[in-house]
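**Q** Take the given structure of chain A and dock chain B to it, following the hints.
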Amino acid sequence: MADYPLTAASIKNEFKRAGIHFIVALPDRVTSHYLLKGLLADAAFRVVQVCKEDEGISICSGLYAAGHKSVFMMQYTGFLDSINAIRGIAVEARFPVCMVIGLLGKEPDVLPTKSNKFGVKITEPMLDVLGIGHHLIERDADVSQIAPAIEKAFADSFPTAILIGREPR
Amino acid sequence: MMKRDEMLKVFARQRKDEIAVAVYTAAQEITHISPNDLNYTFVGAMGQGSSHALGLALGRPDKKVIVFDGDGSLLMNLGSLVTIANQAPKNYVHCLCENGCYETNGSVPTPRSGQIRFAELAKTAGYKKTYEISDLADWERRLPEILKEEGPIFVTLKVEPGEAYPENFRRLYSHEHREKFRRALANG
Numbered sequence: 001m002a003d004y005p006l007t008a009a010s011i012k013n014e015f016k017r018a019g020i021h022f023i024v025a026l027p028d029r030v031t032s033h034y035l036l037k038g039l040l041a042d043a044a045f046r047v048v049q050v051c052k053e054d055e056g057i058s059i060c061s062g063l064y065a066a067g068h069k070s071v072f073m074m075q076y077t078g079f080l081d082s083i084n085a086i087r088g089i090a091v092e093a094r095f096p097v098c099m100v101i102g103l104l105g106k107e108p109d110v111l112p113t114k115s116n117k118f119g120v121k122i123t124e125p126m127l128d129v130l131g132i133g134h135h136l137i138e139r140d141a142d143v144s145q146i147a148p149a150i151e152k153a154f155a156d157s158f159p160t161a162i163l164i165g166r167e168p169r
Numbered sequence: 170m171m172k173r174d175e176m177l178k179v180f181a182r183q184r185k186d187e188i189a190v191a192v193y194t195a196a197q198e199i200t201h202i203s204p205n206d207l208n209y210t211f212v213g214a215m216g217q218g219s220s221h222a223l224g225l226a227l228g229r230p231d232k233k234v235i236v237f238d239g240d241g242s243l244l245m246n247l248g249s250l251v252t253i254a255n256q257a258p259k260n261y262v263h264c265l266c267e268n269g270c271y272e273t274n275g276s277v278p279t280p281r282s283g284q285i286r287f288a289e290l291a292k293t294a295g296y297k298k299t300y301e302i303s304d305l306a307d308w309e310r311r312l313p314e315i316l317k318e319e320g321p322i323f324v325t326l327k328v329e330p331g332e333a334y335p336e337n338f339r340r341l342y343s344h345e346h347r348e349k350f351r352r353a354l355a356n357g
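So the sequences go chain by chain: A and B.
Mapping of the first sequence onto my numbering: residues 1 to 169, in sequence order.
Mapping of the second sequence onto my numbering: residues 170 to 357, in sequence order.
For reference, chain A alone in the conformation it holds in the complex (with noise of 0.2 Å):
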C-alpha cells in the first residue's frame, strides 16, 4: 500500500479542507471500498445516500441555499444519465454543484479521452460542451486540486468536476 499512488485518506482530508459536511452519493465502483465506505464511517461527515444521480444534483443545490458546501460523488454512467438535470440545475440556474465523478474503467496513467472505454473517453467532452471545468485525479499529487476547484465553484456560483482516474486505496 505504501508505493499505491492515490489514497482515500489524501481526498477526505481535501474535502475536509474544503470545508464540506454533506457528502451526497450514489455507490461509484472506483470510490466505494475505500473513499465512500471510509466517509460512512466518519462523523465529521454526513452521507446522504440517493436512489438515482439526479437527486444528487437537486439535494446538493438546496444544500447551497441554505447555506452549506457538500459534494456529489457517483459514477460516470451517472453523470451521463444525469445530463439534464446539470444542464438545467447546475450550469443555466448557476448552483455551484460539486461533482466527484469515478472514471470506471479508464486504464492508469492513461488520459481519459485517449481511453478504450467509450463512457470514460467522452466524459471530458461532454463537461466542455456544459462549460463546466474538470480536474483529473490520479495521484496524491493531483489532490491539493480538490479543495481550491470546490471554493472556486462556490465562489463563482458554477459547478465543477473532480475526475477520479483510479481506485483510491
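Hints were generated in silico from the structure; no laboratory data involved.
Only a predicted model underlies this, so the values are computations on that prediction, with no experimental measurement involved.
Each residue gets a CB set at the ideal place from its N, CA and C atoms; glycine is no exception.
Don't take every hint at face value.
[Stated by the list, open to error] Which chain A residues stay away from chain B? Per the calculated CB distances, all over 12 Å, these:
1) Pro5
2) His33
3) Ser144
[Unchecked claim] Calculated pairs, DSS-like style, for lysine-lysine (alpha carbon to alpha carbon, straight line, at most 27 Å):
4) B:Lys298 - B:Lys259
5) B:Lys297 - B:Lys232
6) B:Lys232 - A:Lys69
7) B:Lys349 - A:Lys152
8) B:Lys259 - A:Lys69
**A** Frame of chain A; chain B shown alone:
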C-alpha cells in the same frame, strides 16, 4: 376535488415562516397567492422539487419545508421517496398536487392516471405519516396538525385547475430571487 389555487390560499392563510418549494403551475400560483422570500421555485428540471426540498430540510433542520410537488413530477423521481424516508427529516412535508395529468405539457394524462395510491407508495418507502385529502374544508382543518407533526409527512391533495394566474418563468428561475431566498433564509 379541490381547486389548486383555493388549496394554496388555505396554506397562505396558515403559513408562518415555512419554506415553500413549488413546481410548475403550483410554483407560478404560489408567487401570486403567497408571495414570500421563502418561496423556492428554482427547481430547474422536472421531477426535482422533492430533492431540492430535501437539501433545504437537511441544511436547515430548524425550518419547516413544505414541497408542493406534482404527480407527473413525482413519477419522474419516485426514488426520491426512498431517499427522503431514509434521511427522515423531521421538518419535511411532501404535498403532492395530484391532477392526473401533465398540465403544463398539454394536460395529457399520466400513466395509470387516478389509479395510483401515492400515499401508499410513500408509506411503503418509510414516511412517518400520510394523508389523502380531496376536500378543501378537510385540508383547512387538518393543515395545522400536518404543519406541527414530525416528518417526513406525505399528503396527497386531489386537485384540479382553478383560476388562471399570470405565468412568469423568468421569476421562477431568476438568480436574483434565488439570492433573495438565500439571504432571507440566512436571516430567518
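**Q** For each hint given before, does the structure comply? Return the numbers of the non-compliant ones in rising order.
**A** none
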